Amino acid sequence: MNTNAGPAQAGGMNVHAGVFQPPNTDEELLDRIRGGDRSAADALAQQEYRAVYAYLRKLTGDTDRAADLTQETFRKAWQSLGRFDGRSRISTWLHRIAYTTFLNAIRGPRLVSTDDDDPPPLADPSPSADDVLRQREDERRLRSAVMALPDPLRFTITAHYWGEMPVREIAEVEKITTVAVRKRLARALEQIERQLTGASS
Amino acid sequence: MNQNDEIRRRLSGVTSDEPPENLLQNIQNEIPADFAALAAKRPSALGARWWQVAALLVVFVGVGFFAWQASRDPLSPDFDDIAVRTEPRLAPERGRVLESESVAEGRAQSPELQATQESATQQSELFAHRSMQTTEAGSAASAIQERALAPAASTMPGQDLMTRSDAVRDRAEAITVQAAAPLCQNRGAPPPRRSLANKRSKNVRSKEGLAMWWAA
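Taken in sequence, the protein lines are chains A and B.
Sequential numbering from 15 applies to the first sequence in our numbering.
Sequential numbering from 1274 applies to the second sequence in our numbering.
So here's chain B without its partners, still in its complex pose (with noise of 0.2 Å):
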C-alpha cells in the first residue's frame, strides 16, 4: 500500500457521530415563514439578468452599424470596376476603354512591344485603306451588277436577299474602318479616367442615408 492509499484510507476513516436529538427540530423550527415566497424567486431561464440581454442588443447593434459602414466605405473595392476589368463583355464602352488603356500601358513598359504595336498600327491602317478601296470597288462592282441584274430582278426571287447581304457587308466593312481610325489617331495620347461621379454619388447618398437615420 502507498502512501497515498494510506492518507485515503485515514481520510476516509476520520469519524463522525449520531447529531444531537434537537438537531432536526432546531432546523425544522428555523424555517422562516414565508419561505415560499423565497423559494418562488425562481432565476431566468436563460440564467441572464435583463442588463445582460440588453448589452449584448447594444453589441450587437453596434457591430452591425460598423459592418454596414464599412460596405459603403468609399475605399472599399469597386466591383462593378473589377468585373469590368475581368469581364470586358459585360460594359462594352468601359472595355474599350479599359483596352485602351492597356495598350498605353504595355508601349511605356516595352520598347520591343511598342515597336510590334507600331507595326501591327501600320498593317491595320493599310489593311483599312485596302479595305476601304475594296469597299469603293465593291460599291461600284455591286452598283454595275445591280444595274445589269435590274432588268431580270422581278423574276429572280432570292434578289431582295442579296442585296440586304451586300449591304450588311458594307455596313461591317464601315465599322472596321471606323475602329482602325481612332486606334490610329489616339497612339500615345493619355488614357482617359474613369469618372469619380458615381463614387461621389455614392458616398453622398450614404451620408444622407445617415442624417436620416439619425433624425428618425
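Chain A with its partners taken away, still in its complex shape (with noise of 0.2 Å):
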C-alpha cells in the first residue's frame, strides 16, 4: 500500500483537537474507516480536499462551481468506499472520481467558466489590471483547448498538470504503461498547441 506523500497533498498534517498527528497512511484510514471510525472519515476529508478542490478549480476556472463539485466527490467516494481496492492512492482514487463528477457537470449548459462573467480582482494590488485581465484570457483559451481533448487525452494532461499526479500512478489509475501514458501527453500537447495556433491565427 501507497503512502500518502505525493505532490497534492498539501494539507497532508492533521492537527486534531490542538494535537499534531503525523499524516495517515492510506491503509492506516481505511482500516479505522471500515472499523467505523467516524473520525478518519473526518480525517481523509481534511488531507484531500484542499487538492481535490484545487484540481476541479482548475478544471472549472470557477470557484463556486469547484466547491460544488469537491463536496459532490466526496459524496460519491463515501457511497462506492466499499468498491476501493486499495491498489492506488485515495488520493488517485479520488482524483478519479472529481474528473468523472467534472465530466458529468459538463454535459449540462455552461459549466465550464469562460470567465468573462468573473470580474477581475481589483484587490490584488500587485499585477496590473491589464495583467489579470490577459493571464486570465490565455487561461481561458488552454482551458478551452484542454477541453477539446478526446477524453483520455484529456484526463492523462489534465491529472498529470492540474491534478499533479505522477505518471506512474495515471498508468495505474488508466490500467496502461507508463509508456502510454507519456505518448498520451505528447499527443495532447501536439494538439493543444494546434488548437492555440489554430485559434491566435
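Source of the hints: derived by calculation from the structure; they are not laboratory data.
Incorrect hints may appear among the rest.
To be verified - Listed next, with one range per pair, are the computed distances between beta-carbon atoms:
#, chain 1, residue 1, chain 2, residue 2, range
1, A, Pro166, B, Gly1286, 15 to 25 Å
2, A, Asp165, B, Glu1279, 19 to 29 Å
3, A, Thr192, B, Ala1306, 48 to 58 Å
Quantities reported herein were computed from a predicted structural model and do not represent experimental measurements.
Just so it is clear, CB atoms sit at the ideal spot from N, CA and C, and this is done for glycine as well.
From these two lone chains plus the hints, build me the complex, please.
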C-alpha cells in the first residue's frame, strides 16, 4: 500500500483538537474507516479536500462550481468506498472520481467558466488589471483547448498538470503502461498547440 | 524554448485559489451515518464475481469432457497397431501377419522384387527339402549311433546331455520346415486383415460409460 506523500497532499498534516498528528497512511485510514471510525473519515476529508478542490478549480475555472463539485466528489467517494480495492492511492482514486464528476457536470449547459462573467480581482494590488485580464484570457483559451481533447488525452493531461498526479499513478488508474501515458501527454500537447495556433491565427 | 515547453509552462501555471472556508465543514457534514457499512463491502480477494468463477468452471468441465471424448474416438490412431508395426517383437503373432502383408505389398509394387522373392521362395523350398533329408539322415544316423553307443551309455557321463542336444536340434529343424511351408503355399493369397472386434468393443464401452455418467 502506498503512503500519502505526493505533491497533491498540501494539507497532509492533521491537527485534531490542537494535537499534532503525523499524516495517515492510506492503509491506516481505510482500516479505521472500515472499522466504523468516524474521525478517520473526517481526517480523510481534511487530508484530501484541498487537492481535489484545486484540481476541480483548474478544470472548471470557477470557484463556486469547483466547491460544489468537490462536495459532490466526496459524496460519491463515501458511497463507493466499499469498492475501493486499495491498489492505488486514495488521492488518485479521489482525483478520478473528481474528473468523472466534472465530466458529468459539463454535460449541462455553461458549466465550464469562460471567466468573462467573473470580474478581475481588483483587491489584488500587485499585478495590473491588464495583466490579470491577459492571464485570465490565456487560461480561458488554454482550458478551451484542453476541453476539446479526446477524453483519454484530456484526463491524462489534466491529471498530470492540474491534479499533479505522477505518470506512474495515472498509468495505474488508467490500467496502461507509463510509456503509453507519456505518449498520451505528448499527443495532448501537440493537439493543444494546434488548437492554440489555430485560434490565434 | 519550444512550443511544447511553453504549453507545459502555461498548463502548470494555471492558478487556483484557497477553497472556501466552509467547504471542509460541508464535506464532513455529508459523511453518511452508515458510511462504515458502505466501506465494509470490500471486493473479493480474487476481484471476481461468483458467476465469473462458475462460468470458468463450466468451461473447464466442458473442455475436459471433449478432451476425454476425443481420446476415445474410434477414428483416433490405434497405438497398439503402430507399436506392432514398428516393433513386431512386441506381438509375434501379429508381427508375422504384418510381415506377410508387407511381402504381398512389395510383390504387387515391383516385378523385379517379385522375381527375387520367387527365387528366394524356391531356394527356401529346396532348403526345406534338403533339411528334411538331412533330418531323416540325421535321425537314422542318430539311431545307429544310439544303438552303437547303447552298451557304453551307462559308463559315459555326457551321454544324456548329448541326447538332449540332438532333440533340440531336431525340434529346430522341424520348426524351420513348418515355417517355410506356409510361406510357399500362401503366395498370392490375400493378406489376412486385422479384426475390428477390439475397436468395436472399445467403442461400445465408451458409449456405455457415457450413458452411466449421464445417469449418475
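The hints, checked one at a time:
Distance hint check for Pro166 (chain A) and Gly1286 (chain B): the Cβ-Cβ separation is about 24 Å, which falls inside the suggested range of 15 to 25 Å. Distance hint check: the CB atoms of Asp165 (chain A) and Glu1279 (chain B) are about 25 Å apart, consistent with the given range 19 to 29 Å. Distance hint check for Thr192 (chain A) and Ala1306 (chain B): the Cβ-Cβ separation is about 41 Å, which falls outside the suggested range of 48 to 58 Å.
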